[in-house]
Each structure stands twice: as C-alpha cells, then as structure tokens.
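With the hints as your guide, set chain B onto chain A.
Protein chains in written order, with this note's numbering: chain A, 2 to 407; chain B, 2 to 407.
Derived by calculation from the structure, the hints in this document are not laboratory data.
Any given hint could be a false lead.
Treat identical chains as interchangeable: a pair holds within one or across any two.
Straight-line distance between alpha carbons at most 20 Å, and here's what the computed EDC-like set of lysine to aspartate or glutamate pairs gives [unchecked claim]:
#1 Lys-162 / Glu-383
#2 Lys-162 / Glu-329
#3 Lys-16 / Asp-264
#4 Lys-16 / Glu-96
#5 Lys-185 / Glu-197
#6 Lys-16 / Glu-73
#7 Lys-260 / Glu-84
#8 Lys-260 / Glu-384
#9 Lys-260 / Glu-96
#10 Lys-260 / Glu-13
#11 Lys-260 / Asp-6
#12 Lys-185 / Asp-343
#13 Lys-16 / Glu-160
#14 Lys-29 / Glu-287
There are 2 protein chains.
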Amino acid sequence: MILTDLYAPRAERMKASEIRELLKLLDKPGMISFAGGIPDPALFPAREFRHATRRALDGDAAQSSLQYAASEGLPALRGWIAEHMRSLGVPAAAENILITSGSQQALDYIGKLFIGAGDAVALGFPTYLGALGAFNAYEPRYVRLDPAGNRPAERMREEAKGAAIKLAYVTPDFANPTGETLSKAARLALLAQAAEVGAAIIEDAAYQALRFEGENIPPILALEAAQSGTLETCRTLYCGSFSKTLAPGLRIGWVCAAKSVIDKLVLLKQAGDLHAATLNQAIVAEVADAVFDTHVPRLRAAYGARLNAMLGALERYMPEGVRWTTPEGGMFVWLTLPGEFDATGLLGRALEHDVAFVPGAAFFPDGSGRNTLRLNFSKPDEEMIEVGIRRLAGLVGEGPRQSQQS
Amino acid sequence: MILTDLYAPRAERMKASEIRELLKLLDKPGMISFAGGIPDPALFPAREFRHATRRALDGDAAQSSLQYAASEGLPALRGWIAEHMRSLGVPAAAENILITSGSQQALDYIGKLFIGAGDAVALGFPTYLGALGAFNAYEPRYVRLDPAGNRPAERMREEAKGAAIKLAYVTPDFANPTGETLSKAARLALLAQAAEVGAAIIEDAAYQALRFEGENIPPILALEAAQSGTLETCRTLYCGSFSKTLAPGLRIGWVCAAKSVIDKLVLLKQAGDLHAATLNQAIVAEVADAVFDTHVPRLRAAYGARLNAMLGALERYMPEGVRWTTPEGGMFVWLTLPGEFDATGLLGRALEHDVAFVPGAAFFPDGSGRNTLRLNFSKPDEEMIEVGIRRLAGLVGEGPRQSQQS
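The following block holds chain A by itself, in its conformation from the complex (with noise of 0.2 Å):
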C-alpha cells in the first residue's frame, strides 16, 4: 500500500520549505545566524508568564483553564484585542475577534474560506513565505501586486487570466521579508486598487507593533473604516499575533474583521481544531493585560539597538554596489547585491565562516531575486551582528566567484 498514491492534487504543492531545513543546520556552536526570524527569548516576559499560569491552574480555576473553551476564544482575550484594536483606531467589539492558533492559521483558514481551486490571490513580490505555503493548499494561481498600490489593476487582472481575484495579501509594518512600511497614502492606494479588482485584503500585522522610530501609520483597517464608518462593510482582514511582542511558543494570534466573516471563521476553526488552547489564552490575556504596554517598549528599545547595530555595520563594512533597505521596525533587513551575485552560493560560503541568512529566492512566488538575502536582527546581540556583518561583508567582496552557485 503507497498512500502517496491516494493524496490530493493539491499535495503537489505543499513543500518543504528551504529556510526551515535550513534553521534546523544552525545549532552549531559559534554559529552567527541572522536566518532566523524568531524573538530573542532572553527578552520574553518569563516572570509574568509564569505568574499568570499560577493564577490559571490555582484552585477550581485549573478546572476551567483544562477544559474545552468556545470556538471563537475567550471573553476576556476577545475583550483585551478589541480594546487594542481601538487604540489602534479600527472600531472593533470583542464579536470583531475570533482567536487563532498563531496569525499563521489565520493566514491558512482565510486562504481556506476565500480561495476555490485556480482562483487568483495578489501579493506582492518577495513576500512572506508562510503566506505562500498557508495558501498554495488551495491551489490559488498567484498575482503580481504593488503593495504601495502603484501597479495598475489591470496589470494584475490580465495576470488573473480571467480568475477571480479573491485576497490581496499584504504586510504594511516592517514586512518579512524586506522590512519595508507602507505610507498611508500607499494603504490607501492599495485600498482603492483592492476595490477595483473585487478583492478582500489580508492585513497581516505581525510585526506592527514593533516600530522603534517614526510615526504610527493606522492599519489599513482603520483607513477603511473610517471610510465606511463601520467594519461591517469592510474588505479588510487584519491578522494580529502576539509572537512577536509576548511570546511565539503559546501560539495565540487573531484576526479582526467584520463580524460576518468573524462568524464563518469561526465555523472553520471549530471545524479545524475546535478552538485555541484555552490555558494558552487564559495566560495571554493576564499577561497583555499586566505588562503588554510596558514589555513592548522594551523590545522596541532592545531590537531598535540591533537594527541600528547592523545598518551602521552594513555602513562601515559592505562594498560599493550592495543596497540595503533602512527599516523602522520589525525584524529583518533586506540585502541586495549586485546582479552577478547568487546570494545561494554566498549562504554556502558564509556557513563556512560561521555566518548565516536567508537567500531572498525563497520569498518570489516564481523563483526571482536570486541576488537578494535577507538579514534577521532580532536574535543575534549587537556584538554578534558587528562580527558577522563584516564577515558577510568581506565575502561580498570577493566577488561572485561563480563556481560556488552549482
């Protein structure tokens, strides 16, 4: 019996991916890996975890905290998101909220209500690679968008070849993988071109509330609701997680829409897993609700230190022809070398001198951007990135030296 024999069509298209076999080779000692794209656990809030998960299993509330729990997440999770989407300007009710397991189920159970079999989804290119793999279950044909909303819709429409385009997929704040923001005149941009086309938008906000300089930009959802003047009639999905400002292991995302759509995700993820691990939120909610407001300037503080640790190393170290953006926030820095280079065979070099990244390939739908790498700066400390930047520098410098890309 070979049940690869039995499997789908749509298996086909789920792979493994490279960045992932790739982390699993960086547990070297000495290794100076900037291909993560994780938080630095000496900077999670330890203590007040475990003070919230006492109080969660003490007494007769270890009874609740163990049990089942509604598919749609917990009252006073559901309540806290809410109020933090409000400080965010998006007029959201807790009825607004469903809770994931992680913003990447959001992605999957999204990609699972909208996307039918050769439907098309814009995003644009490089983009999130969970966002490809989240989506491709589907099968959906992929699209070329302009996340400033640049790109004419009918580009994008005649890419479509007639498929309807169902999601715009976006990360307006620091996105994985270029670190690059959209204005707010390019959210709105995008908003109108999202109209144009017919497509609901995907705001993925995971790295949003890590920005260490610069004004706040309103979520495109906020912008849209303040068009329409309610998030009923909005287009926009904004999916929020607190991997990235509390702690990634507890797997607690959300998304944040109309309550229409909330009600059949809802549907999808008490057909899917029932509901997020009720502890998980129980915890989540006390710790948000403790230290939210003060834990994430610190981080901010903290990454904001790396992030500027590595662009002034980038500065001093990297030769002539090597672009690079200059990110107000998030996690990662994106490197483009001049065209000859395969940023591959680069990898394949920098792992011998201990040194590690991304190559930016990964992140093209159709396998582009062979010169491009990207560079994470939220785990390594800031003595780290300065060695490991002048030596990826110096491997830059010796050219592209062909041979080493077979």
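Leaving out everything else, chain B in the frame of chain A:
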C-alpha cells in the same frame, strides 16, 4: 462590499453545529445535561499540571517553553507517545508521530492531504460530527461504511458513483455517538474491505484508553502492522488525543502513521499553524510521563461507575420498546426510541424539565436517525444520572406527542 460573495464554494458546506449551538444553552443552573461530550473537570490531574508548568517555566526553561518549536513536535512528547503506541502493539518510533492541536486537527489535516473535491469518504451512519465538519471543507461525497466490515465493498463503490474512495473513517473504541466497539474480527474485516476499495483508514482513537471492562482489543493499526511487518506500508492513520485522558484545554493530540505520511503531514502543520504550542507539549509530556499510568485507571473507575448508574437507571425506568447500547467504556450511551418518536421534539420537552441530550439525527450525514439520541455519562455524577434518566424516561412514557415535533 459584501465579502460573502467572495467565499470559495467549500464555504457552503461549513455550517454551524447544532450540538454546539445547543450546548450554549446549558449553563442554566439545575440543568442535568447528558448533552456534552466533555470530561469531568473535577477529575483533571490539576496538581500535576501545576507542577509540570512550574518546571516548564522555571528559569532558563522558560526561554525554550515560550519559543517557536519544530513543526513535528517536541522530541520528549513524540518519544513518550511512540512508547505508548508500542504498548498498544504498534511498532512506532518518534518519527512516526506528528503532534497536532488536538485530534480534531489530525482529522482536518488528513482530510486536506487526501480528499480532492468529489472524492469519496466512507464512514458509519451515525458518525462523529466533528469528522464531518473537518472533511466537509474538502468537499467529499460520503458513502456508507459498516464499521464492522460487513457491508459489501461493491455497495460502497456503487454509492461512490465512480469517485475514488480515499478514506474510511472509523472510531473502533467506544464510538461517539454510539458507544460501540469493534471486535478484533470486525477490525480485520474492515482492513480487508479498505484494501478492496483502495482506501486509507482513519482510526479515531479518542476514547481508546477509556475501557472500563472487557478485554483490550488491539488498534487497527497494530493488527495491520502485524500483518505487514512494518508501519511503513500500513494504510491506517491512527489519531490519538490527550483530551479524554489528561485534559482537553491544552489541545494536544497526535497522528501515528507511516513516516512518509507523517513527513507530508508535517508540511501541512507547518503551513497550517507552524506547530502545536511549545509550552503545552512540554507540560503534557511531563504529566503523561508522571501520571498517565495511574491517572487513567482513576478515570476508568469514576466513569465506569457513572456508566453503570446510567445503564441501571435506563433498565429501571425506560418503558418497553426503547433500546440502548451497553458500552464497555468511553463517554456515551446511544438510545433508540420507537420509530414514531422524534428526538428533537422530545428534547424540547426535556429542556422544560431541566434535562438535556443530543438528538441523534445530527450524527447522520443523510439526516436520518430521527428517533435516536445520545446520552453522555462522563460529566454528570451518579445522582444526577439517576434523577435525569428517571425524568427522561417519564417523558418518553408520555408518548411521541406529535404536536411537539414541529
């Protein structure tokens, strides 16, 4: 903008579960509910969870318990489960285990991997409602399976009308909703029948550990592995859960299957929600290691006494013509009323008398089973069972009362 118009065709099959809607009404004080399917929270090993959680968040341990983890699951938990599977006669190693967010998610991901639109899934009528919910998203046709393997494969093929029968779904131990268990002979017949139609088998083992009396029967996967000599060629996908043995609120379940299938399911997990919550896996591994072997016998004794109370009360109070199953474990007894009864009408009257149950029709993919109902005995205590069954029997004794059925 009405996003509803953008939903994929599969969204039509995602409907609210009648049971879950019903359960929302049961918080009324004084209600004797046989409607749930949930463990008694007073029996959770709360003290052990407190200890395990404290250790998982103590000092540096917190940094890994709160961090991202590998999609396949934590080695300690996979290892414990593999050993548990070996104790059941399944020759499993850790590489044969995927940790899921409850066994509900195992059903979702297996459906996603195998079911293409229009493929057929064979399952018993009645069946677990959550399985229908999980599979519906992948738009299968359902064909009727006799879980005991007695229905000719030819009939299933006719019902499939040319579609491939990809999966045969069965709960061999103390099934939800009937409480019935498949004999060893029936399991072997089912294996032969699945081979005849070329389907993979989903063995939903949610209640497997809750046997109160009678002899253990090997899992279908153990019988198949004994025939084939290796897991790697087995068609059976075993779905396990800690929800009924330790606690459901942590959402930890697993799939045990051929490594080639697990490797593919790991990719689905990665794309679906990255991984099961790290903290929860760490806690469950420790609690399972510490008390599974002593705690589960306590549950069996407690639930066994409640089952006996229910069977005794049914015997004493139910009028002639009412039939019920006599399970040897699990959480449910299945009642069949005389043919002229409508269990939904009966529920209306029962709720007026503060007694709740689930009408059986919800568990039939074709809406039959109007005169059946499901009784849960794991949540109410023995005194409530006695009072509730007596009341319910009194209502049944009043006759079908057609006027209540509208």
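Consistency of the hints with the structure:
1. Lys-162 / Glu-383: For Lys-162 and Glu-383, the Cα distance exceeds 20 Å both inside one copy (48 Å) and across copies (65 Å).
2. Lys-162 / Glu-329: neither (37 Å within a copy, 59 Å between copies)
3. Lys-16 / Asp-264: Answer is between; shortest inter-copy Cα gap is 10 Å, intra-copy 31 Å.
4. Lys-16 / Glu-96: For Lys-16 and Glu-96, the Cα distance is within 20 Å only across copies (18 Å; inside one copy 36 Å).
5. Lys-185 / Glu-197: within (19 Å within a copy, 61 Å between copies)
6. Lys-16 / Glu-73: between (30 Å within a copy, 15 Å between copies)
7. Lys-260 / Glu-84: within (16 Å within a copy, 45 Å between copies)
8. Lys-260 / Glu-384: Intra 48 Å, inter 42 Å, cutoff 20 Å: neither.
9. Lys-260 / Glu-96: Answer is within: at 6 Å inside a copy they meet the 20 Å cutoff, but 41 Å across does not.
10. Lys-260 / Glu-13: So Lys-260 and Glu-13 pass the 20 Å test across copies only (18 Å; inside, 34 Å).
11. Lys-260 / Asp-6: between (41 Å within a copy, 15 Å between copies)
12. Lys-185 / Asp-343: Neither: 34 Å inside a chain and 59 Å across chains, both beyond 20 Å.
13. Lys-16 / Glu-160: Intra 24 Å, inter 34 Å, cutoff 20 Å: neither.
14. Lys-29 / Glu-287: neither (36 Å within a copy, 28 Å between copies)
The earlier numbered hints that this structure contradicts are 1, 2, 8, 12, 13, 14.
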